[in-house]
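Since chain A is already given, all that's left is putting chain B on it; use the hints.
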Amino acid sequence: MNPAADVWVYLSASPLLWLTLTLVAYIVAFTLYESSRFNPLVNPVAISILLLTGLLAGTGTPYATYFEGAQFVHFLLGPATVALAVPLYEQMPKLRRAWFALTVGLLVGVVVAMVSALVLAWLLGASKATIASLAAKSVTTPVAMGISEKIGGIPSLTAVIVVVTGIVAAALGRFVFNALGVKSHAVRGFAVGLAGHGQGVARAFVVSEEAGAFAGLAMGLTALATALVAPWLAPWVIGLLR
Amino acid sequence: MAILHALALLLAFQLIGEGATYALALPVPGPVLGMTLLLVAVALRRDLLARLKPTTGTLLTHLSLLFVPAGVGVMVHGARLAAEGVAIAVAILVSTVLALAATALTVRALLRDDEDRR
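Heads up: the sequence lines are chains A and B, in that order.
According to my numbering, the first sequence holds residues 61 to 302 in order.
According to my numbering, the second sequence holds residues 175 to 292 in order.
Don't take every hint at face value.
Said to hold, decoys possible - Only pairs whose alpha carbons sit at most 20 Å apart, straight line, appear in this in silico EDC-like list of lysine to aspartate or glutamate:
1) A:K243 x A:E270
2) B:K227 x A:E270
3) A:K188 x A:E209
4) B:K227 x A:E269
5) A:K243 x A:E269
6) A:K154 x A:E269
7) A:K154 x A:E270
8) A:K210 x B:E192
9) B:K227 x A:E150
As the list claims (entries may be wrong) - To spell it out: a stretch of chain B is covered by chain A in this simulated footprint if at least three of its residues, at any positions, have a beta carbon under 8 Å from a beta carbon of chain A; those stretches are:
10) 176–187
11) 219–231
12) 234–241
13) 251–265
Hints listed in this document are in silico derivations from the structure and should not be mistaken for laboratory results.
All C-beta atoms, glycine included, are put in the ideal place defined by N, C-alpha and C.
Here chain A stands alone, though its shape is the one from the complex (with noise of 0.2 Å):
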């Protein structure tokens, strides 16, 4: 074997290798977003997605293999949803103003977002366990992979989902407010992170600091209510669709 290859097979097992392509991936993604000024459609998730799944596919490197390194950025998830405990106290005053607006608005929400999914798999010909895999979309990755194996989903197809849900809120929100004149940044905030999780939160933060608290409440109000109606509506609704 030639030292080149060698070298190669060394790394390309080793976690340090796909944790470091990860952040350059992610870098290389993000540069191009910033220097589209920050162009919504320009995701920076969907772009490092595709630029890893290529090199992966062309190196023939198993997704395993890949998420031993990638596996510390994904762990961040957690500390960086306690993180959002910061912009919600900033926003205190604020939120404490709406919390009926909010409360009903999380409720119409979550209900919209989860049975809406159900019966669009369902009417396509989606199989079961699939259309089980679309009902926690709108809630951060680890909580959504959990909600999804207790009602009969695919946890990891639940994972790739949420990321795919995410890139859309993200990138259609300002399309979808603006289309109906809904110009409060705490709205605006508080509907992308309902529907798009921590993607709709950065996506939130880019717009304002206002717009991202509330897109961080909403995540984590999202995130507790899918838990809360996702186990017991959800498999009701599937029961309905057969």
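Same frame as chain A, but now just chain B:
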């Protein structure tokens, strides 16, 4: 040291959240409970805020990065996506737009006076 303090605090609150959720069989996700407890802690001890802010700011600015590893998992589901990819894509696209619209319209309708002035 500031970053170490902040990271240790975040991890400790997540740990408490996960532990309590598991021990008491709560339906709340561990990190969400951790976030709620940290919110209470910050309200009680304002000096925590300044200590946390640089680190939480960095973490939240690049929150998107943290979703990349799970998203790359798309490559494992090639067979299912070939068969059901269209149904999944349409369901995600339409239901996400509906959720954005339904939430925004509901919250706007219920907020009186001070909203939509920006």
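Hint by hint, here is what the structure shows:
no.	hint	verdict
1	A:K243 x A:E270	holds (13 Å)
2	B:K227 x A:E270	holds (15 Å)
3	A:K188 x A:E209	holds (13 Å)
4	B:K227 x A:E269	holds (13 Å)
5	A:K243 x A:E269	holds (15 Å)
6	A:K154 x A:E269	holds (12 Å)
7	A:K154 x A:E270	holds (9 Å)
8	A:K210 x B:E192	holds (18 Å)
9	B:K227 x A:E150	holds (11 Å)
10	176–187	holds (count 4)
11	219–231	holds (count 6)
12	234–241	holds (count 8)
13	251–265	holds (count 9)
This entry satisfies every hint, going by the numbered hints stated previously.
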